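Asks: Residues per chain, in single letters:
There are 2 protein chains.
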Amino acid sequence: MLNFDFYNKTKIFFGKDVELQAGSLCKATGAKVLLHYGGGSIKKSGLYDRIVKSLNDADVQFVELGGVQPNPRLSLVKEGIELCRKEKIGLILAVGGGSVADSAKAIGVGVEYAGDVWDFYMGKASPEKMLPVAVVLTIPAAGSEASPSSVISNEEAELKKGLTNIILRPEFSLLNPELTYTLPDYQTACGIADMLAHVMERYFTTTKGVELSDRLCESVMKTVIHQAYRVMQNPEDYTARAEIMWAGTIAHNDMIGCGRSQDWSSHGIEHEISAIYDVAHGAGLSVVFPAWMKHVYKSNVGRFARFAHEVFNVDYDFENPESTALQGIAELEQFFRDINLPVRLSDMDIDDTNIEKMASKVTDDGSHTIGGFKELTKSDIQNILNLALK
Amino acid sequence: MLNFDFYNKTKIFFGKDVELQAGSLCKATGAKVLLHYGGGSIKKSGLYDRIVKSLNDADVQFVELGGVQPNPRLSLVKEGIELCRKEKIGLILAVGGGSVADSAKAIGVGVEYAGDVWDFYMGKASPEKMLPVAVVLTIPAAGSEASPSSVISNEEAELKKGLTNIILRPEFSLLNPELTYTLPDYQTACGIADMLAHVMERYFTTTKGVELSDRLCESVMKTVIHQAYRVMQNPEDYTARAEIMWAGTIAHNDMIGCGRSQDWSSHGIEHEISAIYDVAHGAGLSVVFPAWMKHVYKSNVGRFARFAHEVFNVDYDFENPESTALQGIAELEQFFRDINLPVRLSDMDIDDTNIEKMASKVTDDGSHTIGGFKELTKSDIQNILNLALK
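In order, the protein sequence lines correspond to chains B and V. Sequential numbering from 155 applies to the first sequence in my numbering. Sequential numbering from 155 applies to the second sequence in my numbering.
These aren't lab readings, by the way, just hints derived from the structure by calculation. It is possible that part of the hints are untrue.
One copy or two, it doesn't matter: identical chains are merged, so the pair holds either way.
Result set (SDA-like, lysine to any residue): computed pairs, CA atoms no more than 20 Å apart in a straight line [claimed, not checked]:
# : residue 1 : residue 2
1 : Lys198    : Glu487
2 : Lys170    : Ser415
3 : Lys362    : Pro475
4 : Lys544    : Glu464
5 : Lys170    : Gly413
6 : Lys376    : Asn157
7 : Lys362    : Glu390
8 : Lys376    : Glu464
9 : Lys207    : Glu372
What you are looking at is a predicted structure, and each value in this text was computed from that prediction instead of being measured.
Kindly produce the complete structure, drawing on both the sequences and the hints.
Replies: This is how it looks when you write it as structure tokens:
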């Protein structure tokens, strides 16, 4: 096990009706609130009204900024920063999915910084402070409700970049599984792919002697896969919704990745796809991950065989472990197909036009490699995207 | 899944040499420190000298209070409270095992309270504030390094009582597995029994639909049992020591118990044994737990069969699940024997003299029941202790 630090200050309130505590929890901070959200779905579902009522009942002063899109935009972040400064906001309440939470975090670090907030995402500066962020989660996926991460798209530059820093963890998050009953199947499935990817990027490690976190990772993957079939059958299965929601938080709050090297190549490659094509992040991942696996599994056949056996109950072939490893990758692909996710770029009507461009962007023109389980050059990434093609 | 809140503010620093950060971390708080510890073992091992040097190098002002015993005493807690007040202490640095951490927490809440600190442990008052506590852990067992709990023995009253409150979580904890190399086998084994009990008391639930936390609990138990055999073979196996140490924290930081009813009967019954006989807590647990299981398994044979199958790889007997359940209990007993822990009261030279007294104390003279998986009356507890007798 590697040395590690772990610190997660986010207070979690989980279960039925917890969103009704938004007002009193905000009030307790004494701050003026920015209510930050996306499109119309929270208005249609009535959640917006319940949150506004909760804020009003608790006598919380607030202003609003809606309009966050999937793959949240830098332009709106900048608008939010100005608004927070002008209104002397002390807490950003993000109501929505990971995009809204990520946007809120970007605003939060931007407010506390004299320069351009995009500096943080380009690695040109490191944030030292964040205006407190709280989350009412409506889409279990990104894990942003307890993670130290935010991903923002710079639409002008066709760039999608992530920022990870311990100060980005929210103050508190309200997770009511019932709020996810009305998610379209496709969005539920994309969220499931995202949280599975968060676990797999921790699971495929080069660190030896990490039995506990191996097992914790396997527990989350098995649960998510099992409950995914249940929720696809019955979107109002509370238990399935609750298990998936809590799994999404645990998948990305770092607890299960402590002390192990990780490999975030698939997320990096996917960001290039969704930066250009604006596809759902989870859908990009269900395409990239199996291709990444096919490209790298020979680096550690044993680990992929374990994945197959422990997560998908594939019988271990003692005389041919490679076949077990490949069967695991096939099972993952089949799982994604079963929940109607794309597994090839062609399933999303993407051809090979931009493969070289995407491989170039993720390696800054081939100037560096990415990955840790296996180091990937620009040409490796082109190969992965070609494996993903059709 | 039940509604739940989860909040764990403890910063964890884990791995080789992390104790050398004690000075700088204490310094960052700006506080004058009470260095709190037990007997001579940290002096013999050189840890005391390293901590003192780290504090001095960082120019931290501190005073000392040693002498914490296993089953930490209320009398020393009261001494610590007086000392903290007199010296205007701002942070208690506990260097040792769970007893030292628990004693530090008791001092911490006592300092902030005008009344008798024992009120908190008797449920007569609830603490609102705790002087910050930090921990350098030397014995993985109690989980106190990240838990919201403290257990104190009132030697005059022959009472051992626990206090759980979210404010009791330490500020930070330093966990170096190498510090546990020199633990005697018996103490290592007692710690293992304690952390297993922390998981089992969460695992044996009446809550349905908790797949993720079931699996997380099983992951911790399997890892602890597997690594226990390794550490007994080679006490300086870093991986085994690290896995056990981290498992001990996760077993009791509440993450794996979120959203499920729990049953802390075995801890409650054990506290009565060690209050009278002053046996090691873990040894008391390895005696009580199997007896508790034999008394209650019929309440949910399926859960015990799952425990047997998932944790001990017992083949599931479809035509006779009860035999699977019983085999799991036998496997647990055998595991405790394998690591040289007692499994009967007679193994600790305890006879039936005080059985009625202990059953009476844990139920306040039979005035209430304990437990949740199965509600236990005074006579149930007498039965459990008789099952544990020989």
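Asks: Hint by hint, where does the structure go against what was stated? Just the numbers, ascending.
Replies: Of the numbered hints, 1, 4, 6, 9 do not hold.
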